[in-house]
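For reference, the chains in residue letters:
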Amino acid sequence: MAEMSAIGKKLKETFPDAVTGMKTFRGELTVSINKDYIGKVAEFLCNDDESDFGYLSDLCGVDKSRLDNSNAFEVVYHLYSLRHNHRVRLKVEIPASNPSIKTVTNVWKTADWHEREAYDMFGIIFEGHPNLERILTPEGFEGYPLRKDYPLKGRQPASLREVYRKGEE
Amino acid sequence: MTATTQQVMTINMGPQHPSTHGVLRLILELDGETVVKSTPHIGFLHRGIEKLAEHKTYHQFITLTDRLDYLAPMSNNLGYALAVEKLLDIEAPKRSQYIRIILCELTRISSHLLWLATHALDIGAMTVFFYCFRERETLNDIFEMVAGARMNLSYVRIGGVARDLPDGFAEKAREFVNAFPGRLREYETLLTKNKIWLMRTKDVGIISAEDAINYGLSGPSIRGSGVKWDIRKSEPYSSYNEMDFIVPVGKNGDVYDRYLVRIEEMRQSNEIVRQAVDTLPKGEFIADIPDVALPQKVNLKKSMESLIHHFKIVTDGICPPVGEVYVCVEAPKGELGYYIISDGTKNPYRIKIRPPSFVNLEGLQKMIEGHLLADVVAVIGSLDIVLGEIDR
Numbered sequence: 001m002a003e004m005s006a007i008g009k010k011l012k013e014t015f016p017d018a019v020t021g022m023k024t025f026r027g028e029l030t031v032s033i034n035k036d037y038i039g040k041v042a043e044f045l046c047n048d049d050e051s052d053f054g055y056l057s058d059l060c061g062v063d064k065s066r067l068d069n070s071n072a073f074e075v076v077y078h079l080y081s082l083r084h085n086h087r088v089r090l091k092v093e094i095p096a097s098n099p100s101i102k103t104v105t106n107v108w109k110t111a112d113w114h115e116r117e118a119y120d121m122f123g124i125i126f127e128g129h130p131n132l133e134r135i136l137t138p139e140g141f142e143g144y145p146l147r148k149d150y151p152l153k154g155r156q157p158a159s160l161r162e163v164y165r166k167g168e169e
Numbered sequence: 001m002t003a004t005t006q007q008v009m010t011i012n013m014g015p016q017h018p019s020t021h022g023v024l025r026l027i028l029e030l031d032g033e034t035v036v037k038s039t040p041h042i043g044f045l046h047r048g049i050e051k052l053a054e055h056k057t058y059h060q061f062i063t064l065t066d067r068l069d070y071l072a073p074m075s076n077n078l079g080y081a082l083a084v085e086k087l088l089d090i091e092a093p094k095r096s097q098y099i100r101i102i103l104c105e106l107t108r109i110s111s112h113l114l115w116l117a118t119h120a121l122d123i124g125a126m127t128v129f130f131y132c133f134r135e136r137e138t139l140n141d142i143f144e145m146v147a148g149a150r151m152n153l154s155y156v157r158i159g160g161v162a163r164d165l166p167d168g169f170a171e172k173a174r175e176f177v178n179a180f181p182g183r184l185r186e187y188e189t190l191l192t193k194n195k196i197w198l199m200r201t202k203d204v205g206i207i208s209a210e211d212a213i214n215y216g217l218s219g220p221s222i223r224g225s226g227v228k229w230d231i232r233k234s235e236p237y238s239s240y241n242e243m244d245f246i247v248p249v250g251k252n253g254d255v256y257d258r259y260l261v262r263i264e265e266m267r268q269s270n271e272i273v274r275q276a277v278d279t280l281p282k283g284e285f286i287a288d289i290p291d292v293a294l295p296q297k298v299n300l301k302k303s304m305e306s307l308i309h310h311f312k313i314v315t316d317g318i319c320p321p322v323g324e325v326y327v328c329v330e331a332p333k334g335e336l337g338y339y340i341i342s343d344g345t346k347n348p349y350r351i352k353i354r355p356p357s358f359v360n361l362e363g364l365q366k367m368i369e370g371h372l373l374a375d376v377v378a379v380i381g382s383l384d385i386v387l388g389e390i391d392r
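Sequences listed follow chains A and B, in order. Numbering follows our numbering, with no gaps: position 10 of the first sequence is 10. Numbering follows our numbering, with no gaps: position 161 of the second sequence is 161.
Okay, chain A solo, but in the shape it has when bound (with noise of 0.2 angstroms):
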């Protein structure tokens, strides 16, 4: 836990305009970050010998819209170091008018299916990614379906009836 914390203070003091919040929940870290920084914060994180954080655990998006009204999109990297065995969960926001953030794929080879899902999932664009294409939705699909205002049984042709049936016409 000390040490934990001690992450989150080193950041701070190596980028002072980088970290804009910092949580404690359920013994969990969580380090807010400007957007404009994330290239910078992953690269030491990845890099400095205290932390360590070679292993990305995962990466995603999460639409706050219906968190707090802020209209906003979060990207949420959860890292880890094999090394010194300890955790930390870095968030960017981003707003839901310009979704787009600099990507990591360069820090983490991982990041980029991560991306391209989250891309596929909130529409988030990532600059610098080598293949930003969509990876679980079909060809062709339209909408961002993890969106909050997308409608659960979605908005793709009811049945695929329908679309032969079109196709008959």
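Check the hints yourself; a few may be wrong.
Derived, one-sided and incomplete: chain B residues facing chain A with beta-carbon distance under 10 angstroms [unchecked claim]:
no. : residue
1   : H41
2   : H46
3   : S218
Derived from the structure by calculation, the hints contain no laboratory data. Glycine included, every Cβ here is placed at the ideal spot set by N, Cα and C.
Got chain A; can you put chain B on it based on the hints?
Below, chain B without anything else, positioned relative to chain A:
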């Protein structure tokens, strides 16, 4: 890898190819028989489980977790239950933790058996398939005895497990545990020193430890490269710290090493089951916290209060405090993580599942670059992917 001739051919493998273990489609660019580039196409099994989760109560979602990695439903249930328990800040009783360990390790064996069966079948060793399925049958009988289902168990509940172990479970489990090491030796006589097996798996699909970490591999796939990392040891959950077992690692990071790691893991899991059955503590199988944990079924007909609590939890659901947690467990395939955001209502605000197979499959491109077409099948097998959790 660049092509040596000018005749690069693009072929399609899957989604119905038997060795793709489900519905994986690979676009392979071949130079002769050498793979120049491979592009996996996934999503054929996408059911939108994360979206569905946002419209279900915390208890309802347990049944959907079974459908992720359908070969190891217990690990999926457990990871989710642990995440919700962390959110609620409660702990399951000791007995239920041990029951969870027993069932999780049995599913690990069951999942690895299916991997071994199909992996060997893909490479051409057919006999192993029948042996492995014989043992899986016994395991499925045990699961049926405990949970009532053979495949999608849904046996874990928030705060414990659905019901206590039935009479005669310990005998049945011991019978399996005593017989299994001998069976493992049988598989090993068929494969481990088999010349054809060695030729097909040695020095195929190599990935270095550094690359494995950078590509985010986990579970046996990363341990095959010599990275000694097992979440059961590094961040013990559900009383795993009381179990005595070793974490096997490989050296070269090839298909053969991943094979050896999984075989040894089955042996270790078997020992864990033995220990847990022998030292199973007495006590409750589900926590007595009436507002979040379901009351025991036997009390429903006897106590009015239990019936009311049960009714309230089933109809209204539970409302964990506002917050977010990330919990991961060592599933048979690797790190299975659940990231849950709660907004204080009965439905989770967002659930992100970190499926190990999804990330492991990402490493495939790196592993098969420059290898022969026939090796693709061996490498996919060695990653032990399940499309259910890749596509979600």
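Verification of the hints:
1. For the restraint placing B/H41 at the interface with chain A, the shortest Cβ-Cβ distance is roughly 9 angstroms, inside the 10 angstroms limit, so the hint holds.
2. For B/H46, the suggested interface contact is upheld, since its CB lies about 5 angstroms from the closest CB of chain A, less than 10 angstroms.
3. The restraint placing B/S218 at the interface with chain A holds, with a minimum CB-CB distance near 8 angstroms, inside the 10 angstroms limit.
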